[in-house]
Structure formats: C-alpha cells, structure tokens
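Top line first, the protein sequences correspond to chains A and B.
Under my numbering, read the first sequence as residues 863 to 1005, first letter to last.
Under my numbering, read the second sequence as residues 863 to 1005, first letter to last.
Simulated from the structure, these hints should not be mistaken for lab results.
One thing to keep in mind: the hints can contain errors.
Because identical chains share one entry, a pair is satisfied inside a single copy or across any pair of copies.
As a list, the in silico DSSO-like pairs of lysine-lysine whose alpha-carbon atoms are at most 30 angstroms apart [what the hints assert, rightly or not]:
#1 Lys942 / Lys1002
#2 Lys937 / Lys865
#3 Lys870 / Lys919
#4 Lys865 / Lys888
#5 Lys865 / Lys919
#6 Lys937 / Lys978
Protein chains: 2
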Amino acid sequence: MGKYDCLKLDNQICFPLYACSKGIVKAYKPFLDEIGLTYTQYIAMMVLWEHGEISSKELGNCLYLDSGTLTPVLKTLESKGLITRARSHEDERNLIVALTNSGLALRDRAVDVPAKMSACSSLSQEDAAELYRILRELMKSFA
Amino acid sequence: MGKYDCLKLDNQICFPLYACSKGIVKAYKPFLDEIGLTYTQYIAMMVLWEHGEISSKELGNCLYLDSGTLTPVLKTLESKGLITRARSHEDERNLIVALTNSGLALRDRAVDVPAKMSACSSLSQEDAAELYRILRELMKSFA
DNA sequence: TTGCAATCGATTGAGTACAATTAAATTGTA
DNA sequence: TACAATTTAATTGTACTCAATCGATTGCAA
Chain A
863 MGKYDCLKLD NQICFPLYAC SKGIVKAYKP FLDEIGLTYT QYIAMMVLWE
913 HGEISSKELG NCLYLDSGTL TPVLKTLESK GLITRARSHE DERNLIVALT
963 NSGLALRDRA VDVPAKMSAC SSLSQEDAAE LYRILRELMK SFA
Chain B
863 MGKYDCLKLD NQICFPLYAC SKGIVKAYKP FLDEIGLTYT QYIAMMVLWE
913 HGEISSKELG NCLYLDSGTL TPVLKTLESK GLITRARSHE DERNLIVALT
963 NSGLALRDRA VDVPAKMSAC SSLSQEDAAE LYRILRELMK SFA
C-alpha cells in the first residue's frame, strides 16, 4: 500500500466511467452515421421524439447541456431540416424547438439503433440493470 | 409498450453513463483547479506518476486517446514545466514523455484529490465496487 | 541495397462541452 | 409607471475528442 496508490489510474472509479462513456458513444457512430446524426444530435432528437415540442431551456435540462453546447447543435439540426426554432409568443426569451415532418419521419429509421447497440454490449441483463441502477444513484450526487 | 419506447432517453443505458461521466469530470474541477490541471491533464499525469517515463503511443493506449487529442495536451503540460517531450534515440518516430522535478513534485499536491472526490459521491462502498466491476466488464466490448 | 509497407506523431476539420459574459425580455417592486 | 432583479438564449474563449490525412522514420523483402 504505497502512499500514492490512490493516484493509480486502476484505482479510480471515474476513469472507467469516462472511458466507457467515450467507448459507447464511439460504438454508436456507425449506426448513427446511417441516419446522419452525431450522438449529441441523436439524444436531442430522442427528447423531441418523445415530447414533440420543447423549450431550449427544458431540453438543456433533460440532456444536462447548457446553451453554449445546445445552440450550435440545434442550429445544425435546423439546417438539416429536422427541427424548427422559434421564439415563444408568450415569452420572447424562450426558444421553442419542434419537429418537422422530416424530423418525425427520421424516428422510423432510428428505431433500430438501440437494438443494434445492445447487440454490441458484452453485459448480461442483470449487470445492465445493476449498472443502470447505480448510475441513477450516482447522478443524484450532481443534481 | 409503444413501438418507440426503446428510443426514450430513460430507457437508454448509454445516456446515464454519458451524463455521469460529464458530472464526475465537472465535480473534479474545483479540486483540479487548485493544482492547475484539467481532467485530461490529470489522468495523463497519473500515468506518468506511476510509470515515470512512457512513450506517447503507450500513454495514448492507457488513456484511450489518440495523437490528435494527446499532442496538444502534452504540449500544454510541457509549457507548464511538468513534463519533457523528446524523440527516442532508438526510434526517432517515438516520442518519450517524462516527468520534470516540478511534475514529480505536483504529485504531493494531487494526492488528496481522490479522497476529496470520494467524499462528494453518494455511492455506498458496495455500489462503487459493483460499478467498477461492471464498467471493467463493459470495457471489454470496446477492446 | 533499393523499394515498399508499416508505424508513429503532428496537423486539420467538425463537433462537443463548459465557464463567463452579453443582450433582450420579463417580472417584481417602490 | 420607472427601475432593479431575474430569466433566457446567444456569444466568446479555452479545451477536449475523434476521423482523416500527412510526413518522417523504420523494417522488411526482392
């Protein structure tokens, strides 16, 4: 037990988390390339597919992203014709993001992505459920 | 059970992983600010503290980072006076990264960081160990 | 030994990501 | 009603991340 053992990469909990996160996002890439989205664009579209219409603020809360990240992502999705960006009539400060027909149609091409991803994972059902539970628990630390 | 339930953010395993990874890196920031490192610089220094001297290639393998990311990080660490960068005499293609005295001395100021971080986590010992085990398992999918 | 494939770091470009600041709109208050 | 405080998206600056490519070096085989 050396004085500096706590600084070894193998003894960190954060590093495998960081590495796995990057690894999974990279694993998504070939599937997301097929539908022309990046991972960040994909999770933004997932929220829109579920909610149909949402303010930029709420979207940022769902994804844990601030306007510095979200603004260029939403402008890109708009330029792809998948969403519309418009100020709210009730409160001009709010930006309302909504799906276009093209954006809604993309859902049918995205619906296979989760299954393709699960097929790549080496986790058992139990470990996946356990991982999900622990990560949810861990997220409370930042909320 | 809707046709598109698999596309809900709440049903993804990747998203909590991605969110937790970002959350933890952000939680490190105040502690790493005290020693003047970013998270990426910190994990690079951890490898050097453990190995003392390593090629850029090996360092990239340890951290799962390619030269596009690593080159500017190492140049920054060099400009801070923490490391040296020099071509190998045996093989001029290899870049050998080594600690300076200043870089080695920084370890004594970094040694408290892991404990400060654990104090921020809401995980039990058991869950932390379980998380570690599952993430290691998951990483096999990308290796 | 000469030519070619492989290796390695550096560079470039696109896309995140976050902190800090700015500007516009709204709300609360005197 | 003026005006301060708050809220929100956008902008700016710094840093990370990866894919693709390039140039130099090395190793191997004809």
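Violations among the numbered hints: Per hint list: single violation, 1.
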